[in-house]
Structure formats: structure tokens, C-alpha cells
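Q: Chains as they are written, first to last, in our numbering: chain L, 3 to 121; chain P, 5 to 483; chain R, -2 to 488; chain G, 21 to 189.
Note that these hints are calculated values from the structure, not bench results. Small disclaimer: the values here were computed from a predicted structure and weren't measured. Each residue gets a CB set at the ideal place from its N, CA and C atoms; glycine is no exception. None of the hints are false.
Taking CB as the label site, the calculated pair distances span:
#1 Leu40(G) <-> Leu292(P): 31 to 41 Å
#2 Ala111(G) <-> Glu46(L): 42 to 52 Å
#3 Leu22(R) <-> Leu469(P): 15 to 25 Å
#4 Ala111(G) <-> Glu164(P): 22 to 32 Å
Facing chain G, according to a computed beta carbon distance under 8 Å, are these residues of chain P, among others:
#5 Leu77
#6 Gln111
#7 Phe128
#8 Phe207
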Amino acid sequence: MTSADYLPILILILIAAPFAGIAILLPSVLGPKNPNRMKQEAIESGMIPFADARRRFPVQYYMVAVLFIIFDIEVIFLFPWAVSLNQLKIFGLIEMGVFLGILLIGYLYVWKKGAFEWE
Amino acid sequence: MSLPTLDFSLILPELVVLITALLVLIADLLWPRAASRGREQAPAVLALAGLILAGLLTLLAGEWSGATLQGMLVADALARYLNLVVLLAAALGLLLSWSYLPHFSTQRSEYYALYLLAVAGMLFLGKSIELITLFVSLEILSIALYVLTGFHRGQLAGGEAALKYFLLGAFSSGFLLYGAALFYAATGATRLADIAAQNAGGFYMLAGLALFLVGLGFKLAVAPFHMWAPDAYQGAPTPVTAFMSVGTKAAALVALFRVVQAAGSVPVGVWATALAFLSLLTMTLGNLAALRQSSLKRMLAYSSIAHAGYLLVGVVAGTAAGFDAVLFYLFAYAFMNIGAFAIASLLERPGFYAVQDAGIHAADGLFGRRPWLAVAMAMFMLSLAGIPPLAGFFGKLYLFAAAVESGWAWLAVAGVLNSVISAYYYLRVVVGMFMAEPSASAHLRLPLPASATLAVALTALGTLLFGLLATPWFQGISR
Amino acid sequence: MDLTTFPLLSLILWLPVLGALALFLFADARSIRVTALVVTLLDFAASLLLLPRWTPDGSMHYQEVLAWAAGLDFRYHLGVDGISLWLVLLTTLLGPIVVLFSWRNVTENVRSFFFLLLIQQAGMLGVFLSLDLILFFIFWEFTLIPMYFLIGQWGSGRRVYAATKFFLYTMAGSALMLVVILLLYFQTGSFNWLTLKEAGLDRTLQFWGFLTFALAFAIKVPMFPFHTWLPDAHVEAPTAGSVILAGVLLKMGVYGFLRFCLPLFPQATAIFLPWIAGLAIVGILYGSLTALVQKDVKSLVAYSSIAHLGFVMLGVASMNEQGLSGAVLQSVNHGLSTGALFLMVGMIYDRRHTRLLAEFGGLWRQMPVYSALFMVVVMASVGLPGLNGFVGEFTILLGAFRVNPLWAALGTLGVILAAWYLLAAVRGLLHGPLDNPANQHLADLDRREVLVLAPLVLLFFLIGLFPALFFDKITPAVELLLRDVGPVIGR
Amino acid sequence: MPLLFAALALIALVGAAGVLLSRNPVYSALSLLLNFVAFAVMYVMLSAQFLGVVQIIVYAGAIVVLFLFVVMLIGGNLPALGRGRRAYVRAAGVILAALFLLALLFGLARPLPNGLAAVGAPDGGSVQALGLALYVDHIVPFELASILLLTAMLGGIVLARRYQAPPKD
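Generate the whole structure from the sequences, applying the supplied hints.
A: So this is what it looks like as C-alpha cells:
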């Protein structure tokens, strides 16, 4: 994977970025600007918004985010393991078995303690 | 591609502790929700059994000859003694939490699981001789303790304490990692043995060691980095404080000693002077601040900081005898400090929403109500002040002897004078107990919980006899 | 079992500790007191066993060595010689006397009172007997704890302040001593007093060593600038505590000078001797003058102790045979006479619960036995020839005169002042009209109280008339000390 | 190559500055994202491809999202941090930062120690090489990592649950 192989990604970025940029900048530059109170309000599908949109989130969202990170890292460990399993053979299997086993207990515990339920 | 064969007997005690932690979690899952009578104390019993088994394994498992597990974890005499002091502190702390926990929390199995994970973290930290393992085990122990500090959800101070401890702990881990990176940059190896072999001098090694000292300094609550300690110690539930104040110091000190030995190329005079200055600062700040505390627990927190200063004197000496003295002091410190916190926990009024800390005068007139409790507390206080023939005196004697031997006489003088300063606020508690009438704020959790009384009895016995009897076993441990 | 190998010193040292533990076997106060009395009497008998086979050659007798710690090789090493013999006997003698005295007036927490008393006795014996510097230091700091609780719990008035001041003052003083002991160890390789005595230490270590040791012992003696803890501690302590404080604890300071400061740091001694003499004389005069103006009898006796111990330190500072042996004997005499004084003050305090001189007067008619005994004790401490005080003071003044006549002159001034304030006390208590109604029907001494004072008065006459009995054991030890230290100081 | 590195370094610095200076916490989270992406590209340039991808997935993907959740949890319109009560704290901060910068420059000016492993070996950081290193040489830290994740999970659970006082037994 020498740096030349990254040329396509570079080209992709060079095309996508300006396209998005133009789409955002052009209307704000060319379009008429006479804001009034009604237009400034958040769109509540026609309803009149009675409170600020940014209310406090219930804690479940935070739980989901934390658990997502933990299991995300767990998955990340699987990538190199999968790639080099042919050399690791049974030893690698036991090793990853222990790793996943411990996290499985954690997962069962989290599940039993109702962190996933949405009341 | 030779797959390594791992000799798991080297880390048997740690595995036992880990498996017990997992068992506590599984037991909580499988046990039917319908709470049978034994349901509450099951996790505690399981945890205690695990600790005792691990302790026995450490004691009886023959001679720990320094074999390493892939050059990552070593099982030498130093690690063995660390295991013992951590398991001792953990068992005593657990006895305290047995009766302390039901007052404010229903999440018992989580508490004991995290408690055991913290213990496992300390045991691994004591054995790790490789930078990454050292960092990961330090993180295990830290995260577990952050959560345990904030375990009393009802009490606001607990939350504040946990946040402070977390922020500064994470900050210090950053320093530690940066130090480890610089070590790797200077020597190209992460195993401490290879780093020592490289003997590479230069700026990177020095900067790496400095950052490492800062990182571990935070964990040890050494002077300039001790800001979190009083709040964290006061906010945390008392059994956690008792265990934390001994366990973290022991493990962090062993890690510090191993790293300092590995960074052989940095001239001893350099880091020793830095540590000596830190030690002096810690002792003096800890003692002076403790003088004017109104809460007994906060006073013990500052005294615990001061004792970190005394412990550093042994590391500053830099000799093997120096660190033997540190290990000896750690055991003596475990007995007297956990004993003092045990009685502080008995004097508290733990409630669901607010734990009313035991004030300095909470112990007034204790001799009238429970003479033996007062005698035990007097022993802990006098031993912490370093009065013979208690364990604290012998601990300080060996520490200062090591310091004088390696040319740090002025540090020994500072240590001795600090002991005199500390005698004042320790005596203030003794005065209250024996010579004053019970004050309005005096409160004693009656009937005295059996487990806490057992903990007090064990620590009192240890404080009295450890100093006199245990010296021969503490020769030539750390090479 | 011949007596040479029998660990007599360990028996004397640990008997009170065993007795203290035995107290827990009994529940009622009476049997606790009886046990305490029996244990202290046994201890006194055991210490008497030292005398019959004593070879007066000044060397260390009955030595016992037991290897204790492996790392720092400090050992459990006991020994007694001419200097410490009488102090040990004084301690074991005062033990039963104090127990007998506190028979009636200690009512609550009786078991812990006698427990602390016995532990205190063991600690003091440990100080006099140990020849290993670390063992000495352990006992030296340990004696603080029981006395701290004795003053703090059973004292009167500002007892908490007095106890804490006593504890911290002494602990601060002796804190540095530990570091110097370690320095000595790492220079000579041993904590043993005998080897350290021979090891020629370099001058700077001797200088600092002497300073720190002298600071710790001067506080304990107490010498002039460091005496402020004494009046509080003595006045607020219970009678038993005051007797032990005055009788034995102060002598630990003098013993420290004789045992450690002089032989270990001879060159530094030569420098500091005039300073000690000066402070001693200031102590004598200061003690006497302040005693004159005291209204409370107990503080009068307390300040008189400062004066008397000024005498003893003058003897030590004179550094010749008479001076030193006089100092050793005088410290024993002071223990006896001031102990007796405190006992008698305690007796009237138990009756009238006040110690102000103005409250008394004309006790002679009301309490003839008490007054007669009080007169004898006052004469002993003033130094009437024929009683023990005279023998001690005379030899000290003799020694001081040989060194510097001015010292002796100021010393005799002290004797005169002593006569003045003690006779003023006699006048306040005994003479004058029996006008105060409260005094008119005070009970005279009962059998127990006379029994308490009898041994002391007997010893006044014994020492006063046959000093040779005591000097022939002290002088050889003093000569041995002078043989090592003398040439260095050029005396 | 050095030009590309300089550009990336600049973007990373801009991102980091954005985190500190922007008023609205959401903007700071997004500039943090920019910082992480710049570092990811740097890792790839140093031929630590796996690390670059992990940086994108874990940091940019998960942790920035967590930041946003936390910001939302506390409520988006977080008032700008109040002015520091003690003025000297701000000054001390600047001085210390300057000192730290000096120390860094002093450090970098010195010759690099010779012990540095050959950087940029073509497949040094590829997935296969990492796999073997991780699962053969560094088994212990790997298994400890699982315990660390378990502790973190437990910690999250304990702190996030609503607090019910224990029944008055």
C-alpha cells in the first residue's frame, strides 16, 4: 500500500469537497436575505415549537454511546486476529475465546441490568 | 512461527481474583431475582473467599524466583510481598464494606466486582515489567477506583470526588503514556529489561522518566499532584478510601521502583534529588494541612498524603534496603491506616442521601462508651505518629535508616520533624477520646457490626505485633 | 540454677508488664489493687537480688544479649552498672509506694490506672537497663505514652493541656536523637553502647551528636530554658503521677547525660561543659526564686525539683569523681525526698482538696504525726547533715569547688534559698494559728499513709548516716567513666 | 512528502485550536473530528495503515459521537465558560504553556537517539504485521485489555443507572 495507491481516495476527496462546498456556499451568497421571526424558528412540521429544541437527552443515549464504543473496540481487535489466524491456529482461537468470553459476560450483565431497554 | 507456551502458574493469584470477580457477576445474573436471605451477602462472601485463596496461593506458592511471563509480568519476591500487602488491604477493606454497603446501595455485586477488578489491577501493576502492561493494569485499577469513589450515588460529594479523581487520573495517565512513548523513542523497546540493557542516556530518557514520575506522582498523591486526594478520599465510601489509600500506593510505588531501576542510565542523583524534594514537599504539606481539618476522614486523607511522603524517602534512598523498608512500612501502614479508617467508618452516620462525616470531635468520650475501641484507635493514632513500640515506629526507623545510609540524612531529619508535627493532630483525636466528654456530634453505629469489629481487631493486633516480630522477613526482598 | 546465667534484668524489666496483663484477670477493684501491689513488691525484691553478688568494679553486670532484628542489627542488650543500679532500685521502690498510696483515692477506671502505672514502671526500667541505642530510644519514647494518659485522664485542672505539652515537648526534643543514632550506626557499624564508647568518632559527628542528645536530655532533666513543661505536668498530674514524674522520669535525663552524652562524645563535652554548668546554676537560682513566690504547695515542690536537679547537673558538669558520684547519689536522694514531699502534699490534698498555702496553718496541733514526718522530709530535702540530702549536695559542691570555686559559691546560695522556701512552706502549713475551721477536724495520718512514708524516711537516715554503702558501688563506675573521658577533657 | 506533512500538521493544529476557541460545544466537537482525521492521514503516511483506519473508526466514528451525545445530554446551549475568577490563573496558564513549548523545542533540537526503529518500513503497520505482534508477542496486554473493557462497561452501568435508595430493611 504505497502512497500511490491512495491517489484514488485523494481524487475522490478533491471532487466531493468542492461539490458540497458549492452547494452550501452558493445559496447563502446569492439568495435574498430578509430574515423575520417566523422564518428563524425551528421547523416542527408546521406546529409552533413550544420549547427550545435542545432539551436534555435521557441517559439511555449516553449508555448506548458508551457501550457502542466498548463493543466497537472489541470488534477492532478482531480484524488483525482474523487476518493472521492462519499462522495463529488453535492458539489464536483460545486467546480470542478468552477475550470474547470475558466481554460476553460483560455483555450478558449489561443486558440483564436493562441498559438496552428503552422505557 | 513458534507459538509461545505460557506458564500461568506465575500469575495464579491474579487469575483467582479475576475469576472471582467474574463469578460475582455471573452469580448476580443467575441468582433468581426473588431475594433469598443469603442473597445480599453472597457477593461479599464470594469476594472474601477469592481474596483469601489468592493470599494463600501467594504465601504458599514456593519461592518466586523472578521468572517472567513473556517478559511482561514477573513473579519475584518484590511482587510477592506486594501481592500480600494489596490482598491484606483488600480483605480488610472488604470486611469494612460488608456492613457499610447495605446502608446506601443496592448494587452490591457491581461493588464487589469492581472492588476485585481494582485488586487485580494492582496485582498486575506490581508484576508488570513492560510499559504497555504497566499502563493497562494501571488503567484497570484506576477506572475501577474512579467508579468506586462515586459509588454512593445519593451523596453529592461522592459524585464530585469521583469526577475530580477521574479528571486528574486521566490527565496523569496521559503523562504516563507520553513518558512511555519517550522511553520507547530513546531505547526502541518497551520491556523494562531491554530499556535497562540499552542504557541509552540523553534527553529523551530523562524527559521520559520525568513524565513517568509525574504520572505515578498523581497516582501516589505526591505533593504538587495531590489536589484530588483529600476530596476523593473524603467523598468515597470509607471502606473504599481505606483500601484505596493503601493499595494504590503500594502498587504505584513498586511500579515506580521498577521503572527507576530500569532507567539506570539516568544518573541516580538526578531523579533522587527530584524525588527527595517531592517527598519533603509531600510530608510537610500533608502534615500542615491535616493540622486544621475539622472532619476526621479528611484529616486521615491528609495524613495519608503525608505518609506517601515518608514512603518516598525509601525510594529516594535508591538501595535495595531502602525499598525493603518501603515494603515493611507499607504493611505497617496498611494495618494502622485501615484500622483508623475502620473506626472512622464506625463513627460516621451513613444514610441514603448524605453520609455525615465523623468530625474531629466525633470520637470524644469514646473511652467511656467503648473502651476497647478507644484503645485500638489510640494505638492507630500513636502508631501513625511513629511512637515505639508500635509498627509505625519500626517502619519509620527502617526508612530513615536507609535514607541516612545512602547519604540523605537531611531527608531523615525532615521526616522525623514531620512526625512530631503529625503527633499533634493525632494526639488531638486521642485527647478527645480519653480526656473529653462525649460531644453532641459524637455518634457510634450501634450495635457494632461484627465484620467491622473483626477488621479493627485484626488491624490493632497487626499494629501492635507487626513492628516487633516481622523484621526478619523483610531482608533482601528487592534486588 | 545459679544466679549468674538467670536473666535477672529481663525478669525485673518484664515482671511489671506481666503483672499489668494479669490485671485483666480480675474484675473487682480490690483484687486489682492487691495484684498491682504484689507485682510491684515482687519487682522490688527481684531488683534487690542485684545487690548481694555485686562486684564493685564499675563494669556492666548481669549483661544479657539477644539478637533481634536482622537488617539493622540492633539487639536486645541489657546491662546495669554503678550509675544505673540505684536508679533501678529507686524505680522499683517507688512502685509499691505509689500503688499503696493510690489505694483509696483512685476510684474510677481502676484497672487502666494500675495498668498504666505498671507499664510506666517497665518503660522506665527499660530506659535504665538497655545498652543498645535503639532499644534505649524505644523505651525512652515509650515512657511518654503511659504518663500522658495518667496525667490526661486522672489529672486535675488543665490536665489535657499539661499532658499534651509534656508529650509533644519531649517527643520534639528526642526526635533528632533518632537520626544521630542512625548516623552513629552507619559510621561505627553497631548500636551497642560498649562498642560505640570505644569507637573514636570524628569531631563534627561528636559535636552534633552531643547537641541533639543534650537537647533531648536537657528537656527531660529539665534544664533551665527547657523546663516550662514541668510545673504544668507536675501540678496537674495525679499524686501517683507526680511522684513517678519527679522521682524517676526526671532522672532519665540525668542518666542520659551520664550514660550517652559524656562517654560517647568526649571532645564535644569539653566544649559544652561550661554551658551545662552555667545552665545548671541558672536552673538552681531560677528554681529556688520562683519556688519562693508560689502560693500552691505542689508547684512549690515542682519548682524545687528544678532547683535540686540544677544541683545534680552542676555535679555532672564538674566532671570529677566527687561531682559525678555526688550527682548520681543526689538524683536518687531527690527521688526519695521530692517523692515523699509530693506524697505528703497529696495526703492533705485528699483531705482538703486544695493546695493553696493560705488555706492551711496550724496543722501541727491538729495532725502531729503528719507534721513531724513533714518536718523530717523537709529537712532531708533542705540538706540537713545526717540526712540523705546533705550527703549528695555536699559531694556535688565539693566536686564543683575543685573545678571552679564560683560554681560552688553559687551552689551554696542555692542551698540557702532551698532552706528558705521549704521552711516557708512549713510555716505556711504547720505553724501559725489553727484558725481555718476546715482544718480543725482533719484526721491525722492513718496506718496505710504512715506505711507509705516509712521506707522513704528510713532511707533518708540510711543514706545520710552510711553513704559508703551506696558510694562504694557508684564510685568505681564513675572512675571508669572518667578514665575514658577525663584525659580528653583534661581533668 | 514533507509538504503534505506540513499541510496535515497545520490542519491538525487548526482543528485543535478550534476545539478550544469555539463558543458552541458542537463546533468544538466537529473541529476535534477534523483533528482526528488529519492524524489518521498522518498515520497512513507513516505506513501504519491499520492504525489510521482504527483512528477513523474508533475516534472519529465513536468517540466524537460520544462527545456529541454528552453535549446533548447536558443540553446544547451550554453557557460559555464564565470568566475565570482569578486572573492570575489565566496568566499562569500562558506562562506554563510557553515553558512547555520551550522544553519541547529544546528537546527536538537535540539529535534524535539512535535507538529509533526504522520508521516507514513499507508494511510495518499493516494489519498482518500488527496481528502477529499483538497476538503472539503481546498476549498479556491484549487479555488485560479485555478486563479493562469489562471494568469500563461495569463502571458505565453503575454510574448511569437511576439511583434507588435501598429498601429500609
